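Student: Residue numbers (this note's numbering), protein chains in the order written: chain A, 1 to 304; chain B, 1 to 304; chain C, 1 to 304; chain D, 1 to 304.
Treat the hints with care, since some could be wrong.
Any copy will do: because identical chains look the same in the list, a pair fits if it lies in one copy or spans two.
Once the Cα atoms are required to be at most 27 Å apart in a straight line, the calculated BS3-like pairs of lysine-lysine come out as [what the hints assert, rightly or not]:
| hint | residue 1 | residue 2 |
| --- | --- | --- |
| 1 | K212 | K38 |
| 2 | K38 | K84 |
| 3 | K84 | K132 |
| 4 | K212 | K300 |
| 5 | K300 | K84 |
| 6 | K36 | K132 |
| 7 | K298 | K132 |
| 8 | K298 | K212 |
| 9 | K19 | K84 |
| 10 | K59 | K200 |
| 11 | K38 | K132 |
| 12 | K132 | K19 |
| 13 | K36 | K300 |
| 14 | K36 | K212 |
| 15 | K19 | K212 |
| 16 | K59 | K84 |
| 17 | K200 | K38 |
| 18 | K38 | K298 |
No lab work stands behind these hints: they were computed from the structure. Predicted model, so just to flag it, every value in this text is computed and none were measured.
There are 4 protein chains.
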Amino acid sequence: MVDYQEILDEIHESLTNVKDKGEVAGYIPELANVPKEKFGIHLQLITGENYSVGDASEKLSIQSISKVLSLAKAFQLVGTNLWKRMDVEPSGNPFNHLSLLEMENGIPRNPLINSGAIVVADVLLSNLENPKDDFLNFVRQLAHDDTISFNETVAESERLTGYNNYAAANLLKSYGNLENDVDDVLDFYFYQCSIMMDCKQLTNAFYVFANKGRCIHDQEHLTASQVKRINAIMLTCGFYDEAGEFAFEVGLPGKSGVGGGIVALLPQCFTIATWSPGLNPQGNSYLGMQALEQFTTKTKLSIF
Amino acid sequence: MVDYQEILDEIHESLTNVKDKGEVAGYIPELANVPKEKFGIHLQLITGENYSVGDASEKLSIQSISKVLSLAKAFQLVGTNLWKRMDVEPSGNPFNHLSLLEMENGIPRNPLINSGAIVVADVLLSNLENPKDDFLNFVRQLAHDDTISFNETVAESERLTGYNNYAAANLLKSYGNLENDVDDVLDFYFYQCSIMMDCKQLTNAFYVFANKGRCIHDQEHLTASQVKRINAIMLTCGFYDEAGEFAFEVGLPGKSGVGGGIVALLPQCFTIATWSPGLNPQGNSYLGMQALEQFTTKTKLSIF
Amino acid sequence: MVDYQEILDEIHESLTNVKDKGEVAGYIPELANVPKEKFGIHLQLITGENYSVGDASEKLSIQSISKVLSLAKAFQLVGTNLWKRMDVEPSGNPFNHLSLLEMENGIPRNPLINSGAIVVADVLLSNLENPKDDFLNFVRQLAHDDTISFNETVAESERLTGYNNYAAANLLKSYGNLENDVDDVLDFYFYQCSIMMDCKQLTNAFYVFANKGRCIHDQEHLTASQVKRINAIMLTCGFYDEAGEFAFEVGLPGKSGVGGGIVALLPQCFTIATWSPGLNPQGNSYLGMQALEQFTTKTKLSIF
Amino acid sequence: MVDYQEILDEIHESLTNVKDKGEVAGYIPELANVPKEKFGIHLQLITGENYSVGDASEKLSIQSISKVLSLAKAFQLVGTNLWKRMDVEPSGNPFNHLSLLEMENGIPRNPLINSGAIVVADVLLSNLENPKDDFLNFVRQLAHDDTISFNETVAESERLTGYNNYAAANLLKSYGNLENDVDDVLDFYFYQCSIMMDCKQLTNAFYVFANKGRCIHDQEHLTASQVKRINAIMLTCGFYDEAGEFAFEVGLPGKSGVGGGIVALLPQCFTIATWSPGLNPQGNSYLGMQALEQFTTKTKLSIF
């Protein structure tokens, strides 16, 4: 039988002393001040066993990882109508994110790039009674954990410096692909990204995607078909301009965030979350990418 | 001797009954409500003679024509430092205006596309004591006409719907190429564009570019070298994605606006302004383009 | 137990009378003359059972499906050195295939777009003694079938009209990313694409990708790690600009060709091939895409 | 009265000792071997006076300067039909020359970029009885000089290494915008570019563009309207991605070549040619650009 704890320990040990840990995101103080040496991994099997190493129970800013959760909620609320407002193709282009939006007349390439996630936020704003509370409750239910919450300081910092997101949202608005006010949509979006969770909570929340739509307490939140599609989007679009590389090296659906978190999963098998705040030039956690590559190589567990 | 009045009359007559006058800009009520049949031309020779036909003394919203005037003021104020923040190359691309900005790291292609004019507005905001008043006074001095003023209703309408300009300004800000607040810069920019002038006033104001920097009252506002450069920019960049076509068909430095105005000039010879609110698909006045083509063909007067 | 034959029959029946079968590729006579009503499916389980319906034993021009086979051979020959000359990211852009190549200095986005496959052909030309014979033998061994052969008429037709491929190859050459002569590389490439196989032979040949590198006769041709990576590339890049859509709707690694063939697989479970020559606007078989979507929906078998 | 000889001498002296002369084009031996210190200027007034300095009577490879001459011949032959096959807009984009062609479905941006000049070459091939001889005779007539000829060694070197031009021509062919064989069109194109002329011959040949279509012997080759349009294209498109900069700094219609030549003109006033083989990063003669800037600044002669 596989000794998962040993595997996590080995990975942690092999990477913890790596000199080049990448660069911590420096555009807001709350992210810039996180110590670069933080490093944790948490693995949860579909059968419920949990394995942990390092700083797996420290809270991190989940940032873009929240885009999968907001996509899940929006998909639950409006179904396939969602795809009238965005596509499901990889963006595949490091050069010109807003230009893709221009060339495709305000239809974001997919829900996991910023412009797509802003449209998803707009959908939630239009369809939830108390958007922030309702979304936070959805995340708490998925993870079965009421301690999960927003970090308002982070959200406010993003609001003050998020010019690129304002640019994207205004461009979407100019194409008629936002129903609500730009400021309201971005307010929600910055809150959504500011959620704090630790690695264990992340594996709890993403259990639903490994379990055909049923969360850790076996409640159905999404259909098996919806989960299949969200996993496909994570695989093809979850790692910015490095999605192909992640599929190629790791071979799991997953999502990274600029806070240094990554969560990935093998359907019917496990969810795994890593945290190391140093990023590679593509904006994905440097140690996290390597840890997951090692994990799927050592266990020979991947979708391929 | 050339009978300019006869030429203007002929042009006016030949075009006034054209059925396809293009489409009036419909994105704000103040522009949408202008009657499509308005059509005027005013010619002013460097020697001071004036020739007019049609609605040449009715006020129009000068819109993007103002970009040449703000460029002139900024050039006067900061000199060649201006070119640290923008380039002087034609944009040449109808597809992806914001993407050019992305690919070139926030440096607008030239001062006559929106992103460039927004940077120029930022320069004026940083260098004028009372930006709106001072700029309006500059225009009044150039045209020797104190009745010229802003149309606040137009400016406010632009503010409410100008999402694309907000997108551009936020993108510039994200690259560190705006010193002032996005809202302040755009407030100034929308006012600048809202100035109302008639065709005669336009030829008065642009006399400075035909006269080596000296206005109709022979005061020097710009050096001959600065005027040469502004004329070059008008020629290569003054007509959106149709700049080459205008150079090719008309052969004069000039600038068009979405309000249906066009002003053009032959150095040391004349300035000419046309107004017809219907636009061609590239956003330039449909009759105005044809009128100027006829004018340079009939008179054989062009820079080439 | 699942009755696969019944499922194939149902799919075949539901689609065979669909009016809109897409457009048959018309750029060379050999493809244009294939009757649009051809439609076959073949399924092979990893355990060896075979299920067939319709025209599954008629030969089709495999075209771009060959790119996976040439990639496999090149990977086998030169290992990870391959990735010095191309990337593994989805191209994600219907607009400008050659421009991506320009922007990325002659490094193709992935081995399954034309420019990437041309570099792979160059690798084979440099590393095989008798390139055409050796490659054909590799395909015959994978499929355990010596009747598989080139269609020289198809290859010659491609040579006469393949201007876009000549453009891509010359551009690669200008960046120094082709070792051999443009004409020699394209000669091999057109032959490789001209291979004729039926649906059953395709499932035989692709068995190696569902079986961790071991072919139907249990010989190891590729390592498990190489197969994992090839499957990842098929998933993210196998369907031109519709790769995300295929992952989303079908959820299997696969590859389509302009001859109307598609082959897909679920690791450790099955390989499946469909053929219907009518293409959708993205260039993928119209009925084939729908058949595979139905198959994974009915069987609930996908990688997600 | 202006002492033109003194001005040329001053310019020559001020630049001849400049250390950074740019880089000589190194992609074919015939260009690479030209000594970097070569530097000549020739000025010819419309009234016939000639002024020379430096290496103005040494032959240089005119390269892209030939595009203006082939455009003139094609315009003469087929008139405005030419514009069905290409546009007259500046390309304005250093990133992706072939991609522009792709995005605009095989219609080159203008006749002075390579793809446009290749279409012009195709027009000449279709409309001249003995294309190479007839075109060479046209150039000889314009310059009134039968010693002008092709450099076959240069043409052959281009043929062996011009992969980028093969890529462009094949792409044009794939869009149906070449009537003749790719190899035949490029053979003509490489010969056209290989013409050898000295600075004085260049001013002779371009006299026609300063003189409303009449050559130095007062024969009409083009109409005044055609010349106006060719001058407009030179101004907006004559200097690759630096066309705006040249208009801005120099203010004359002109054309540069990779051999280090530049020819420019002021209608009804003069033609001027410079030669210095070192190029700036945009591919224009480094000293030549500066010499022309100095010339128009010192003489205050420009179209603006």
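Student: Indicate, hint by hint, whether the structure satisfies it.
Tutor: Right, here's what the structure says about each hint:
Taking the shortest Cα distances, K212 and K38 never come within 27 Å of each other, neither inside one copy (32 Å) nor across copies (36 Å). For a Cα distance limit of 27 Å, the shortest separation of K38 from K84 qualifies neither inside one copy, at 41 Å, nor across copies, at 33 Å. Only within a single protomer do K84 and K132 lie at most 27 Å apart by alpha-carbon distance; the minimum there is 24 Å, versus 43 Å between protomers. Taking identical chains as interchangeable, the C-alpha atoms of K212 and K300 lie at most 27 Å apart whether they share a chain (22 Å) or sit on different chains (11 Å).
For the homomeric pair K300 and K84, the shortest alpha-carbon distance between copies (25 Å) is at most 27 Å, but the shortest distance inside one copy (38 Å) is not. For a Cα distance limit of 27 Å, the shortest separation of K36 from K132 qualifies neither inside one copy, at 30 Å, nor across copies, at 48 Å. Within a single copy, K298 and K132 get their C-alpha atoms no closer than 40 Å, and across copies no closer than 38 Å, so neither meets the 27 Å cut-off. Within a single copy, K298 and K212 get their C-alpha atoms as close as 25 Å, and across copies as close as 15 Å, so both meet the 27 Å cut-off.
Taking the shortest Cα distances, K19 and K84 sit within 27 Å of each other only across copies (25 Å), while inside one copy they are farther apart (46 Å). Taking the shortest alpha-carbon separations for K59 and K200, only the intra-copy value of 10 Å comes in at or below 27 Å, while the best inter-copy value is 53 Å. Taking CA atoms no more than 27 Å apart as the test, K38 paired with K132 passes in neither setting, with 29 Å inside one copy and 52 Å between copies. Taking the shortest alpha-carbon separations for K132 and K19, neither the intra-copy value of 40 Å nor the inter-copy value of 48 Å comes in at or below 27 Å.
Taking the shortest Cα distances, K36 and K300 never come within 27 Å of each other, neither inside one copy (29 Å) nor across copies (43 Å). Taking the shortest alpha-carbon separations for K36 and K212, neither the intra-copy value of 35 Å nor the inter-copy value of 38 Å comes in at or below 27 Å. Taking the shortest Cα distances, K19 and K212 never come within 27 Å of each other, neither inside one copy (40 Å) nor across copies (35 Å). Taking identical chains as interchangeable, the C-alpha atoms of K59 and K84 are never at most 27 Å apart, the minima being 36 Å within one chain and 39 Å between chains.
In this assembly of identical chains, the alpha carbons of K200 and K38 lie at most 27 Å apart only when taken from the same copy (15 Å versus 53 Å across copies). In this homomeric assembly, K38 and K298 come within 27 Å of each other (Cα to Cα) only inside a single copy, at 23 Å, whereas the closest approach across copies is 45 Å.
Hints 1, 2, 6, 7, 11, 12, 13, 14, 15, 16 from the earlier list are contradicted by this structure; the remaining hints agree with it.
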